[in-house]
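Asker: Chains as they are written, first to last, in our numbering: chain A, 185 to 476; chain B, 262 to 494.
Fair warning: there could be bad hints in the mix.
Derived DSSO-like pairs (lysine-lysine); straight-line CA-CA distance at most 30 Å [as the list claims (entries may be wrong)]:
hint, chain 1, residue 1, chain 2, residue 2
1, A, Lys397, A, Lys386
2, B, Lys410, B, Lys278
3, B, Lys278, B, Lys408
4, A, Lys386, A, Lys239
5, A, Lys239, B, Lys410
6, A, Lys239, B, Lys278
Here chain A is said to cover these stretches of chain B; the calculated rule only asks that three of the stretch's residues, wherever they fall, bring their Cβ under 8 Å from a Cβ of chain A [stated by the list, open to error]:
hint, stretch
7, 264-271
8, 437-450
Distance ranges between label pairs, derived from CB positions [claimed, not checked]:
hint, chain 1, residue 1, chain 2, residue 2, range
9, A, Ala342, B, Val285, 35 to 45 Å
10, A, Gly253, B, Gln441, 56 to 66 Å
11, B, Pro436, A, Gly288, 50 to 60 Å
12, A, Ala342, B, Leu274, 27 to 37 Å
13, B, Ala481, A, Ser304, 40 to 50 Å
14, A, Ser314, B, Ser465, 29 to 39 Å
15, B, Val285, A, Gly288, 39 to 49 Å
16, A, Arg291, B, His345, 15 to 25 Å
17, B, Gly431, A, Thr244, 24 to 34 Å
18, B, Ala363, A, Arg242, 37 to 47 Å
19, A, Arg308, B, Ala422, 33 to 43 Å
20, B, Val277, A, Ala342, 20 to 30 Å
Source of the hints: derived by calculation from the structure; they are not laboratory data. Since this is a predicted model, take the numbers as computed values, not measurements. Cβ coordinates follow ideal geometry from the N, Cα and C atoms, glycine included.
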Amino acid sequence: MTNTVTFTGVSKSYGRVRALDDVTFHVAQGETVALLGPNGAGKSTSVDLMLGLAKPDRGTIGVLGTEPGRAVAQGRVGAMLQSGGLPADTSVADVVTLAVRLHGGRRAVAEVLELAGLTSLARRGCDELSGGQAQRVRFAVAMAGQPELLFLDEPTVAMDVESRRAFWTAVRASGTTTVFATHYLEEADAHADRVIVMAGGKVVASGTPSTIKAMAGARTIRCVLDSPDPARLLALPGVLEVEVHGDDVTLRAGDADRAVAALYSSIGGVRDLHVTGADLEDALIKLTSARN
Amino acid sequence: MFSFVRFEVFRALRNVKYLLFLVVTPVGLYLIYGRTSDSALAMVAMTVYAAAAGGLIGSGGGVAEDRMRGWLRQLKVTPLADRHWLAGKIVQGVLMIVPGVAGVTVAAVTAGHVHLSAGRWAALLGLLLLGSLPFALLGLSLGLTLKGKSAQIGIVVVFFALAALGGLIGSGTMPYALEQIRHYLPTYNLAQAGFAIVGGHGPSATGLAVLGAWALVAGAAALALWRRESHAR
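So here's chain A without its partners, still in its complex pose (with noise of 0.2 Å):
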């Protein structure tokens, strides 16, 4: 399989502000692949190099062969930016229009309000958009060219449930190679082939959407035990992973409801015992933490 998007050893900062960390990834042709991670970890710092907003201080970027501002000059790429805005005194066709011939005409007008589900708002002036309708603009301008790429920053923000999944439905049809950022675990593992978590602008963990939820949902067991057998504990319904200092026990598994029931059963003497739960950002750090 080829690689649309290659980010390899990417660093960049914003002032004192380290946003990426030597970063690398790669994304395959046809695959949709989800940077999930909470504000500030470095998502939409990537996007916009992708895109050739900005340029990296170290690394290198590919973008569908070539660097990425080209292939944006060559219509090759679609983008919704979080950042993104529409003018004023203009309609829905008005923009819509202009991108399709920006893009050399290679799609009708109607074809794309049609696939934004914007046709009967077409002649709506930009300014009276409700925030789903103004996004549904915008993914309209970045499939205004047919793109072998799509980049999709943060594109159900502003949406209800129903347009959310009309917009999955539209991006899933379009067959297009995307790259979404989301900070919805929800999101990216059902629309995503690959998940890349990312936080404090590295890449924390990488695989399917179920070895991310696994990861995800873990939650953090807490208690205190008189003598505890670590390999006892370990040995547990549920628990992944044990950690002991003294009398203090922290246990990390996938099922907590199960591993605190076995605690009490076939351990006993359980003390001071909290859970603490998904904090995905946590989960995902610490997990990582632990492996290296």
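Please arrange chain B on chain A, whose structure you already have, making use of the hints.
Answerer: Below, chain B alone, put in the same frame as chain A:
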């Protein structure tokens, strides 16, 4: 090739709020102050006022707003070529200028009883059309430089400074230092060139050179700023 130019033209024509503002103010000023003194010279001053206002506030303010909304970032990820962007913005800038200049001219002919020969009218309108380019380009540069809400205020401040120093509004007498500076301003030079045409002699070559230099520098700055534009929100 012309799709962006066309897009900007339709947009400019729909921008009623600005068009009204850009016509009403210079025409109003002309009708209030222009008819008492030499009405042809007042006409020239107010057409230059209209050109400066259209270029700076109309065109520059519009670009600052596009930038704040994120539209420029959106355009940046389309195959729009830099020179096509600049062409579109120049045409749009001139369109922002034409209604004000036309309004003042009509007011001058009807209410101010200005009479010029056909040749002088042609020369004057040609001068104003070309002479407004530095303002449109300067507006673009300012709109791409100043950020957010301060952009609108900054542009208005620059406009009034250029208008006052150029002698378009206010008393026209200046302290020595400002008197020296004004010779390098586009407002002053465009007005002087207009006065010269109305008076029946050609505009000075230095004056036209100053206008040309402003257009070149502001145009190069606008293009460079557009190329660099990406991270402004």
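Asker: Taking the hints in turn, state whether each one holds.
Answerer: Outcome of the hint check:
1. A:Lys397 x A:Lys386: holds, 19 Å
2. B:Lys410 x B:Lys278: Holds, because 18 Å separates the two Cα atoms, which is no more than 30 Å.
3. B:Lys278 x B:Lys408: Distance ~22 Å between Lys278 (chain B) and Lys408 (chain B) Cα, so the pair holds.
4. A:Lys386 x A:Lys239: holds, 17 Å
5. A:Lys239 x B:Lys410: Since the Cα atoms of Lys239 (chain A) and Lys410 (chain B) sit roughly 28 Å apart, the hinted pair holds (cutoff 30 Å).
6. A:Lys239 x B:Lys278: violated, 39 Å
7. 264-271: holds (count 4)
8. 437-450: violated (count 0)
9. A:Ala342 x B:Val285: 35 to 45 Å: Taking Cβ atoms as reference, Ala342 (chain A) and Val285 (chain B) lie about 37 Å apart, which means the hint holds.
10. A:Gly253 x B:Gln441: 56 to 66 Å: violated, 45 Å
11. B:Pro436 x A:Gly288: 50 to 60 Å: Because 57 Å falls inside the window, the suggested range holds.
12. A:Ala342 x B:Leu274: 27 to 37 Å: Given a distance of about 30 Å, which is inside 27 to 37 Å, the answer is holds.
13. B:Ala481 x A:Ser304: 40 to 50 Å: holds, 45 Å
14. A:Ser314 x B:Ser465: 29 to 39 Å: violated, 57 Å
15. B:Val285 x A:Gly288: 39 to 49 Å: holds, 41 Å
16. A:Arg291 x B:His345: 15 to 25 Å: For His345 (chain B) against Arg291 (chain A), whose Cβ atoms are near 20 Å apart, the range 15 to 25 Å holds.
17. B:Gly431 x A:Thr244: 24 to 34 Å: Given range 24 to 34 Å: violated, Cβ gap about 58 Å.
18. B:Ala363 x A:Arg242: 37 to 47 Å: Distance hint for Ala363 (chain B), Arg242 (chain A) is violated at roughly 56 Å.
19. A:Arg308 x B:Ala422: 33 to 43 Å: Check passed, 40 Å falls within 33 to 43 Å.
20. B:Val277 x A:Ala342: 20 to 30 Å: Roughly 28 Å apart at Cβ, these two residues keep to the hinted range, so it holds.
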